[in-house]
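Protein chains: 4
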Amino acid sequence: MSITPNVLATRYATAEMVEIFDPINKIIAERKFWITILKLQKKAGLPITDADISAYEKVIDKVDLASIEKREKVSRHDVKARIEEFNSLAGAEKIHIGLTSRDLTENIELIQIRDGLNLIRKRSLETLFLLEKNISKYEKTYMVGRSHNVAAQVTTLGKKFATCGEELLYSLTSLNELINRLPLRGLKGPVGTGQDGISSLGSVKDLTKMEEAIASEFGFENTLTSVGQIYPRSIDFEVVSKLLQIASAPSSFATSIRLMAGAGLVSEGFKQGQVGSSAMPHKMNSRSSERINGMIVLLRGYTTMAADLAGDQWNEGDVSCSVVRRVVIPDAFYVADGLLHTFMTILTEFGIFEENINKELSEQLPFLATTQILMACVKAGMGREVAHEMIKKYATTNTASNFFTALTSEIDFPLSLAELNDLIKNPADFVGSAIEQSQKVGESIKKVTKGEVSKVDLKPLI
Amino acid sequence: MSITPNVLATRYATAEMVEIFDPINKIIAERKFWITILKLQKKAGLPITDADISAYEKVIDKVDLASIEKREKVSRHDVKARIEEFNSLAGAEKIHIGLTSRDLTENIELIQIRDGLNLIRKRSLETLFLLEKNISKYEKTYMVGRSHNVAAQVTTLGKKFATCGEELLYSLTSLNELINRLPLRGLKGPVGTGQDGISSLGSVKDLTKMEEAIASEFGFENTLTSVGQIYPRSIDFEVVSKLLQIASAPSSFATSIRLMAGAGLVSEGFKQGQVGSSAMPHKMNSRSSERINGMIVLLRGYTTMAADLAGDQWNEGDVSCSVVRRVVIPDAFYVADGLLHTFMTILTEFGIFEENINKELSEQLPFLATTQILMACVKAGMGREVAHEMIKKYATTNTASNFFTALTSEIDFPLSLAELNDLIKNPADFVGSAIEQSQKVGESIKKVTKGEVSKVDLKPLI
Amino acid sequence: MSITPNVLATRYATAEMVEIFDPINKIIAERKFWITILKLQKKAGLPITDADISAYEKVIDKVDLASIEKREKVSRHDVKARIEEFNSLAGAEKIHIGLTSRDLTENIELIQIRDGLNLIRKRSLETLFLLEKNISKYEKTYMVGRSHNVAAQVTTLGKKFATCGEELLYSLTSLNELINRLPLRGLKGPVGTGQDGISSLGSVKDLTKMEEAIASEFGFENTLTSVGQIYPRSIDFEVVSKLLQIASAPSSFATSIRLMAGAGLVSEGFKQGQVGSSAMPHKMNSRSSERINGMIVLLRGYTTMAADLAGDQWNEGDVSCSVVRRVVIPDAFYVADGLLHTFMTILTEFGIFEENINKELSEQLPFLATTQILMACVKAGMGREVAHEMIKKYATTNTASNFFTALTSEIDFPLSLAELNDLIKNPADFVGSAIEQSQKVGESIKKVTKGEVSKVDLKPLI
Amino acid sequence: MSITPNVLATRYATAEMVEIFDPINKIIAERKFWITILKLQKKAGLPITDADISAYEKVIDKVDLASIEKREKVSRHDVKARIEEFNSLAGAEKIHIGLTSRDLTENIELIQIRDGLNLIRKRSLETLFLLEKNISKYEKTYMVGRSHNVAAQVTTLGKKFATCGEELLYSLTSLNELINRLPLRGLKGPVGTGQDGISSLGSVKDLTKMEEAIASEFGFENTLTSVGQIYPRSIDFEVVSKLLQIASAPSSFATSIRLMAGAGLVSEGFKQGQVGSSAMPHKMNSRSSERINGMIVLLRGYTTMAADLAGDQWNEGDVSCSVVRRVVIPDAFYVADGLLHTFMTILTEFGIFEENINKELSEQLPFLATTQILMACVKAGMGREVAHEMIKKYATTNTASNFFTALTSEIDFPLSLAELNDLIKNPADFVGSAIEQSQKVGESIKKVTKGEVSKVDLKPLI
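If you read the protein sequences in the order shown, they are chains Y, A, C and W. Sequential numbering from 1 applies to the first sequence in the UniProt record's numbering. Sequential numbering from 1 applies to the second sequence in the UniProt record's numbering. Sequential numbering from 1 applies to the third sequence in the UniProt record's numbering. Sequential numbering from 1 applies to the fourth sequence in the UniProt record's numbering.
Since the hints were made in silico from the structure, they are not lab data. There may be inaccurate statements among the hints.
For identical chains, the list gives no copy identity; a pair is met inside one copy or between any two copies.
Stated by the list, open to error - Derived EDC-like pairs (lysine to aspartate or glutamate); straight-line CA-CA distance at most 20 Å:
1) 42 with 93
2) 209 with 389
3) 73 with 452
4) 455 with 16
5) 447 with 61
6) 122 with 419
Isolated chain Y (complex conformation) (with noise of 0.2 Å):
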């Protein structure tokens, strides 16, 4: 029997994401951690010594995680385990005094947290620097847009890709907000009263200072100023619903993509020797995108775990929520980062079926002009209502082919056929303010990818 892999981690998140929930980096963070307890603790006159703080500097990255889980059988206390571990290999007894696993533990997942945080703002924005190419490549490319999937009016492909990036833009705005709050825990001790750490230090003072000089430290602005045990979860529940909210444009834009390539007018890509399916030779699936719609349904998985936490505190902490997050927080960021990864692949490897596009463009299009015809005709002095009743009539009873005929043979219809036939002759006369908007939102992408991004680098996907 082998180590069953975390398989969000091993099939689709990036390394970078990875590298930053990785176990053993968790514990070398933590004895990071403990060092700089350590030397501010010394500063403030604590019975610690260079030697104390050099004995451990020098084996921080002799993780073993098997002793560790041997002490853990023991003690049954994962964190104890590995202050055990790391005091072992010091040779000395220094670290913890004055706090409690907690102190530990909830800073170094805040900071775990930030740092997943601000790599899904990078893959934001690189997802939207690779959005704004494909908003600008098919800028005046004209299709059939659809609502209740029929065809409804004319659209361009461009705006297609400026919608999704206007929702992402929106998203990222809200991440930029709770990452630019987010909080330390602090030093705070079992209850949060801070009583052990003011009794090893000598006064409240003194404490603050300490949990000021940690949150500079580690690159906070923010320290929580009463907790318990714990920080609030529903910070957790903040930072796993913002990540599902990133994720909601790649996600409906993908949905769009397998609709519009089971039409056969785009493609996500394919590879030189990708298998489409292995029985059917021919087929082009839009494999990455089903993945993308497959992920945020884990996201709205994790999102329903962490809710489950939040308002959910016993008294001072307990740790129910303890398994929960040893799941929940580094399994959403490993499908978040997943996510935005294949779906900038897709950005990356996209085509089109031109032929095909126009070819359902100019089929739909009388159909695609009725709402300009209704115009026409109240231009011409007819009632609204009875011009859409009689529309209406001629258009769900003939296909769009005849439909102008039809619809001509009405003695009160107050266009002729040359009009109705001039009406359409362009699409692009349909097609509003399609470029206009699409221009604005590449426009703003720029903006805030600039001096961010400049390429985007993807590993290969499994």
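Take the given structure of chain Y and dock chains A, C and W to it, following the hints.
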């Protein structure tokens, strides 16, 4: 058979919230929207007269739900049914020119959502205002702090309120950010290109001008640029998940009240005539706290629903979300509003059994001082882990009352029984920065509520 | 401001379902339950007279919701308020002896749930009945089958209905199992020991006898033995999740209708006077199918809520579930009922555009035959993977129309163009056991619906 | 950077469950499936030799994950990659004839699920076995029963275990029903028509025969008739929701343990060397019970994910579910298994603080007897509601210790102080049928576990 009422609106939400989502009010709001458009269209030169406008204005309040329902049964289109009704009442056919149903509903719903969020913001401020009263009132009420539901260290009741207050303050910051950027969807037509509006008005610029006028009329700073038929449902998801985030602090506190009440320490309040349990006359149940814990469960379910719509749009839009949003949006707001209202009632009626609080504290104090003792041992030169092991040994095999005697029987133990008893003589010595933290949170609350809340009126709970 | 109606009950559910959960009917059901108990208590020798019973019986239908609500505002206890009202109307004070509120409500709710499940069972059978009609009707309607939304192989429309039918049959089996074992909670008192009932009646045996009489009176075969104040909420969870399971087959089929309608192949039905879109008169939207896909989203949210109660009981019971169950139980039944009703309307009004179906099929046939060609190559001695590679090469670089020509240009390819064209001349050759499968599912449906459904009456959709 | 492990498989699940979903075991299972097919195909006359079969059999255990991953990076198709690897190892190309990937994976996964369900069934029986021991052991341990977390009436600790036992028995019945009808998907090809299998074998009948042989080989009684590429995902949903249903009884009991432990009444067990809290040496946390309450949160999230797939299939199938099922199915089984294993550890190590239980009971007894007193008043001729009001008045304004004195000071009160004290002298008088109920549940458990479990071996918890 009676009309089945919405149980959330009729039992729990406040009148102000019910008004925002009231079905008749919504129809009136739609009519106001139409009239605003008519006026702007007239100004833009469309064939609309003052008499037309006046005809609509006269019937704005004549809402006959049965008549509208009858129309909908024929057309199977709810917005269309309401338009026909309004036209029929006004004896005109001028609304809806150059617009599609969603140009109405998507904007009206964002207006309702914005109003709902503002009311939740108001309720949050009122809640904070009442929390601050309790923070001050119980600033020096020393009590047992618990982690894992087991007595851990001394804290204050004031700090418990402060912890709730800080979590709510944090969520409120996040809510404010959302309110500040919530956009209107604008007049974009059936696939988002604005084609019909542009046709009817003349130019892209004219439509943009009209969109700006509408945004200004309804108090929005942002309008979306590129959408399909609908605005992105990730916005709805952010809204609903924000309500859950706001509810988290009250819900965790409600859980703690249930725990404290079970131990006979506090009561969430007991009104004249209230029946604790129909079969057990002596009981004083934490009925409102339990209700809050139930209400957050509802919010979790509504979050699941909203999450399911995010990232699931087909092309330029579909109505698979319609039935969902009809339920989720009002119901989530009713619950969030009812939850805050219930919590404020608790904050107003909350009381303590001081004798029991003190009794528990003095019984547990020898145990609660173990970290203090640990510190004292370290200061006296003992290794931290050795001391920890020794204290644990006696603490887990003795009751609180004979713990000190047993501990001092150990030869290597560095403190005397007298020193130990001296160590615990004053609970205030063990409370760390609980009081400073509470004051700091209290100050922050006063800062945000100043000028916003001066008193809170509550309707009676059922 | 109007009374806010429950939108699910008033817009979507059938009258039969609304009646089951009607608030007034529930009060009458409770009163019947009290009277049943009174009669049994009288028989058991308690001081209850025929005049007492008659006094209650006379007022059973006098339900004044406003008066009850007024009482509840004082007592803050809904059941107590209804008892006081009933006593006051009867001028007696004999109900509620030896019982607690939950002895009433937990049983009444299980009766409602059982009735709701039976109605869903009936609706499922009606749905199967209509599915079978369509299975037969479209037995030989050959069409493109798709996987990944891409044309894959030939299938029949009848088989699509059969696949839906078999999934629903499977879910129905599961529903039947649940209905058969759903228990009453029994008369167990406030902590489940039955203490009060035993005190009032005399012995454990007497209480058991009364419980059996009640179960028999209300048509239950099982009564729980050991509960707390409430029956296990995992039962509610099973109920709600069963509704979602039942809804799955219709919902997947609705998705396929939306896809097929988007390609112009089928229509879910178009009634005289129906408005497809208020702005686009020609449109025939899959409005009901979209609604079904929305309704299952609601069921997912209600499942989240019910899941949150399961495994979350405190000691012998709390009421944190009360507000949740008030919403979830009726609302989940309204949605499930409305979903099946909407689906049956589709099954009744469903129509096809046969020409388009045939056109798509003949266009795609060369591609759909690729597995046939692969088989033929293997039979002709070519290695499977080599053949797969060669076919894929030409299939992915050619349109359907010139695929065969291109493929036969390859020297090693073992079949001639004539052989290839011969291979695809009859779509029925490619349909595998689609027809046999459909017939087999059709037979299974007839077996379960026989004697249960002979025709289906539908109320008009709004 | 290390391989990120699946934290659920490595920390919580038992070796037996990990084995079922082990990635290498799955590949071996797939290979066995191929070989089974090969043998049946040979028997059916396909050009397959004994040497071919033997070539595959020889390499069945040679699983090189890195080599497979390399292949997948080219083909972007995981099943194809594993087929190529197996072919390459065997030096043959005979598997996969007349089959598509899903003919393999859909069946293999149902086999895994069936095995997983059977293991959960075994764990449930083991859990019941241990519950029964505790039911007997604590049959006469009288204690305070609580509703709303407030002392309500007398119960027994044995009954608490019995209530958990009956809920689990009920869920187990439901699980058994599911196991008994879980079907294989069969060999249906890419759109479910079985076209390729029929082509390769000759007739519908031949394919049916092969499906039956496979079902029999793998121990299934049912095979689905009409599916698309995949079996209905409502089956997955039923499976995952069943795991949650099974977990509910342990989770509610774990909550009660946390509550009882917080009051010093019981301990979930304390092993030699275990560290309660790293900072608070005296603490004995309900760490395992908290873990169970966290684990059910995970199951709720996996239920959300599985629910999202149910009813969301596009046409004959897509792979948007693929990434979801890769996570949900194993992870939900790991959690459910770990949860039951954790619960069994508690059931084994559970202990009580009898003195505290008795102390609480005698303190609360005057209050717990209020329903008894109420009954006595009614028997003495007082109206029920009048008596209730009077008892409530004194119960809510007095402590337990002076309640009786105060009550008997009321002139109209029909009982004397002596009568009251006599009423409460024996707690067993107040316990209703707690003991009979416990015995009855105990008997039911013995009946279902008989011949299935005789002892339970537990791995140590970490």
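Status of the hints after comparison with the structure:
Proximity of residue 42 to residue 93 under the C-alpha cut-off of 20 Å is restricted to the intra-copy arrangement: shortest distance 14 Å within a copy versus 70 Å between copies. In this homomeric assembly, residue 209 and residue 389 never come within 20 Å of each other (Cα to Cα): the closest approach is 75 Å inside a single copy and 30 Å across copies. For the homomeric pair residue 73 and residue 452, neither the shortest alpha-carbon distance inside one copy (47 Å) nor that between copies (30 Å) is at most 20 Å. In this homomeric assembly, residue 455 and residue 16 come within 20 Å of each other (Cα to Cα) only inside a single copy, at 17 Å, whereas the closest approach across copies is 48 Å.
For a Cα distance limit of 20 Å, the shortest separation of residue 447 from residue 61 qualifies neither inside one copy, at 42 Å, nor across copies, at 47 Å. Proximity of residue 122 and residue 419 under a CA criterion of 20 Å is satisfied in neither setting, with 52 Å inside one chain copy and 56 Å between copies.
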